[in-house]
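S.K.: Can you build the whole structure from these sequences, using the hints too?
Each chain, written out:
2 protein chains.
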Amino acid sequence: MGDAQRSARADEADGDERGVVETLERALPGRVLRRAADTSDYSHDRSHHPWAPAVAVVRATSTDDVATAVRVCRAAGVPVIARGTGTGLEGGANARPGEVDPITGTVPPRANVVIIDLQEMNRILRIDPDSADATVEAGVRRSGLNPVLAREGLQFVAGPGVDASLGGMAATRASGTNAVKYGTMAENVRGLTVVMADGTVVRTGGRARKSSAGYDLTHLFIGSEGTLGIITELTLKLTPIPEARSLTVLSFRSVEAAARVVQRSLQAGADLARAELLDTVQIAALNAYSHTDFRETSTLFIELSGETRSLVGQGERLDAIAESEGMLERRSIAPDDQERVWQVRHDALPAAQALRPDAYTWSTDVCVPIAHLAQCITETQADIEASGLVAPIAGHVGDGNFHLAFVLAKGDDAERHRAAALYRRMIRRALSVGGTCTGEHGIGEGKMSDLIDEHPSGVPVMRAIKRALDPEGMLNPGKMVDSRGE
Amino acid sequence: MGDAQRSARADEADGDERGVVETLERALPGRVLRRAADTSDYSHDRSHHPWAPAVAVVRATSTDDVATAVRVCRAAGVPVIARGTGTGLEGGANARPGEVDPITGTVPPRANVVIIDLQEMNRILRIDPDSADATVEAGVRRSGLNPVLAREGLQFVAGPGVDASLGGMAATRASGTNAVKYGTMAENVRGLTVVMADGTVVRTGGRARKSSAGYDLTHLFIGSEGTLGIITELTLKLTPIPEARSLTVLSFRSVEAAARVVQRSLQAGADLARAELLDTVQIAALNAYSHTDFRETSTLFIELSGETRSLVGQGERLDAIAESEGMLERRSIAPDDQERVWQVRHDALPAAQALRPDAYTWSTDVCVPIAHLAQCITETQADIEASGLVAPIAGHVGDGNFHLAFVLAKGDDAERHRAAALYRRMIRRALSVGGTCTGEHGIGEGKMSDLIDEHPSGVPVMRAIKRALDPEGMLNPGKMVDSRGE
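The listed protein sequences derive, respectively, from chains A and B. Going letter by letter, the first sequence gives residues 1 to 486 in UniProt numbering. Going letter by letter, the second sequence gives residues 1 to 486 in UniProt numbering.
Note that the list lumps identical chains together, so a pair holds whenever it fits in one copy or between two copies.
Keeping only pairs whose Cα atoms sit at most 20 Å apart, straight-line, the calculated SDA-like set for lysine to any residue is:
hint : residue 1 : residue 2
1    : K237      : V433
2    : K237      : Q267
3    : K237      : A268
4    : K237      : G269
5    : K237      : P147
6    : K237      : R264
7    : K410      : P357
8    : K237      : Y182
9    : K181      : K237
10   : K237      : G183
11   : K410      : A421
Derived from the structure by calculation, the hints contain no laboratory data.
M.R.: This is the structure in C-alpha cells:
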C-alpha cells in the first residue's frame, strides 16, 4: 500500500479507533491495555527516537492470540507492531507519533497502531538434548532458557549483553560477544513460526541441521524487524557447554596493536570464544563505574573455551602473538572471577553514561572487514577528539564490529547534531571499506537512509518483498524499508 | 505470470525463436551456440529427469554478458536458465521439454529456453588474507580456488564431493562432508552479485562478518536455484588450513551404534571435522570398486582437525565413546594416505553403480534431527531389503543427512517405480520426525511436490516472493515453486 492509501485508511481508523480496541477486547478478553498511561511503557524501545503511546497493547499468550489480533487490526486498517523486551536501540519497536495535521496544526496524542506484546509468550515448548535443539516461544529470554538448558549440559549462545527476548533477538538479527565463535542469531535458529500480515501462520525451516528445501524463509524473517511477519516461536540450535573457559585481559599501547593480535590469532586458526576491545576512554569508564583497576589503555578481553588441555596450547599461542605486538600487561582471570569481569564488560553502556552527570547515551554500531577495523577505530577516535564529544568505544573485535557510545547532555541539540554528523562520517567510513552500517542493532527507523546508502541496488528488491508479503502496510509501518520514494 | 500467459508468450517466442537467437548473437558475438548438437551438453544435469536441447546457449564471460542476455531474452519472452557445471541431481538446470501439442500430437524438438552458461566466468577477483575473504566469479570451482588460497594458508570449506562451481553450489545451498564443522554454503558466503529477471544487477551482503542491515537477500538467493536471480559473483568466507588432520575408520555391528557414536561425540562437544557413515552394502561396493579391504559392516570415517596437540585428546575421547558402543575395529589412516581414503569415500556413487552391469544410479537425499538418524536409516534399510532393490547408503551423519543410491537397470520402468515409491516413503519418514526432503541436493523439478508436503504454509510465501521478483516467469521456469495451483 502506498503512503497515500495508508493515510486514507489511517484517517478512517482514527474515527474507528475505539471500534478496533473494543473488537480486540471482545476477541481477547483481559489481554488488551488501552489507557495511554498503560500503553506508554510498551510504545518505545531504548533509543532516542520519537514515539507516542499506541492506541492499544495486546498482551498475547499464544500464536493464536497474535493471529487474532492481526486479523482484527487488519480489518480495521490499524497497523501492528510486535514487541519483545523493548531493548532495541534503533526504534524498531517504537510507535511512531502521527504527523502534524495541516489544518489544525496539532499532532495526534496517540500513535494509531496496536502493539502486540510477546513477553508473556515465555514457555519453553520442547528441549531435545540428543538432537541439541529446542523450541521456545518468542518471549523467552536467555536468562530464562540457559539455566534450564544447563541441566542438559547445553546452552544457547547468540545474543547481546542485555537480557532480550529470543523473538526480538531473531527479529533484529542480534549477536553479541559470542558471535566470533558461534555466529549470530542467523546461525543459531533452525526454524520459526510466523504470523503474516493477513493473520495466516507460517512455519519455516525445521529441525534438520541443514536443508536445501525451497527459499530460505527462516533467514528472511530473521532481521526483518517485524516488517514481514511476527515471529511467535523459534526452533533453536543448542551448543554443548564447554568443559573449561579461560579469560585474559591484555593491555596494549594502541588500538592497532590490540586489533592486530585478534586478526593474527584468527588467521592462525585460533578458536577465540570472545574477543572484546575497549579503548582507553571506555576502560577508564569501566574502572570508575565498577571500581576495577585495569590499565587505562587499549585493552582486550579474550575468552578461550573447550577441552581443558587444549586451552593451554591455545593460550600459549595467543600470548606469543600478543607479546610480538608489544603487549604491556597480561592478567589471567581466575575461573571464579570470570563472570564478574564479563559483567564489568557488559556494563560498558551505563559506565559510559556515568562519565557525565545528567547525560544520556546513544549507542552506535558499525561492522567492517577485520583488516580495516583498527584504521576505522583510530580515524573515529581522531574525529571524536576533534569534535570534543565524549564517546568511549567498545568492540566485538573478532567480528570487526564496534560501538561508540555518545554520552550527551540532555537537551543540548547542538551537541546531538555534532554527534549525528560524526556518526554519519563513521558509517561512511565503514561503507567505504566494504562494511555495514549496523552489525547487530538493526535498521529500525534510525538507519533507513543508511540502508539505502549501503544497499542501493538491494533496497528496491527489499521493497518488492515487503509489498508482496505485506501489501497493505500492516506490519511495523515506517521502519526498515518504506514504499516512499518508489 | 500465470502459465496461460507464459504459454501465450512462449507461442509467440516459438515463431520468434530465430529472432531471439540472432539478437543474442548480435549483442554477444561469438558467445552463442545454437545447433542442437552444441546446446545438448548444456541442457541437462546429472539427474534422470527429462530434458530437451535449449534453443541457444550463451557462454557468458561477465555479469554484463549475463544482464545483456537476460534483457534480450526478456524482450522476446524466452525464459533463461543459469548453469554452472551441470552436476546437479534434481534437474535444477534442466531445459524442460515442451508439452505435447494437442492438435499435431508432436513434442517440440527444442526446449524454448536459453541456457546462460557461467563456466567461463572463472576469475578469482580478489583475495584478502587479512580479512579472510575472497570474491570470485560464479564459474570458479573449488579445485581452481583452493590451490590459490593454500598459498595464503586459507581454504574454502563448503561443497560437495563433486567439483562443482561456486555459483551452482550457492544456488543449490550445497554442503558436503565438511558441513558438520564449517556449515553449508549458507554459512560460508558473505555477499553476492545477482542479475535479476529484468536484467538489473543487485549486490547483496558485503564483506563484514555480520550485518543487521535489511532483509537477508544473500540467504534468499542462496538455495533459490536460479529462480529469483542469477548469481554471477560471490564473496566467500575463508578458513585457515588446520595445522593437522587425523582420519580414523571405525567399524560397528550396526548403524545405530555408529550413529550413536557421532551423536554422543557432538553432545560431548567434540569438534568433528567430518563424520561419514557407510552402510554394509556401500562399504562392500567401495571395497570392490577401489580395491580396499575395509571390514564390510556399518562404518564411520571420522576426521578431526586443529592443533596437533589437541587432536590427541580429541581422539582419545572419540575412541572411548566408540569402544563403549561396541566398536569392532579401528584403523588410523596415516597422513599420507588420508587424501586417497577420502577419494575412496567420494567415489561412493560410481562404486554403487559398478554393483550392477549396465546400471544407472539415482541419488537420494534426506536430512533429519540427529537423534532420529539411526532409526530412519534402519527403517529405510528394511524397506530396501523388502523391495529387492540395490541401494547402498552413505551419510553425512554429523548433520543427520544421508543418501541412498538406487542402482537401477536401464529401461526397467517397473523397478524405477518401485524405487520412486520407496523414496516417497523415505521422505515421509524424514518429514514425520521434523526433517527435510533435501539436505543438500535441492528441489529442482524432482521435489516440487515434496517441498509442498514439507512446507505447506511456506510455499505460498515462496510463490509470493517468486511473483514479486520474477513476475513474468523468466527465470528457470517450472522449477522449485510454480504458480500453478494458485
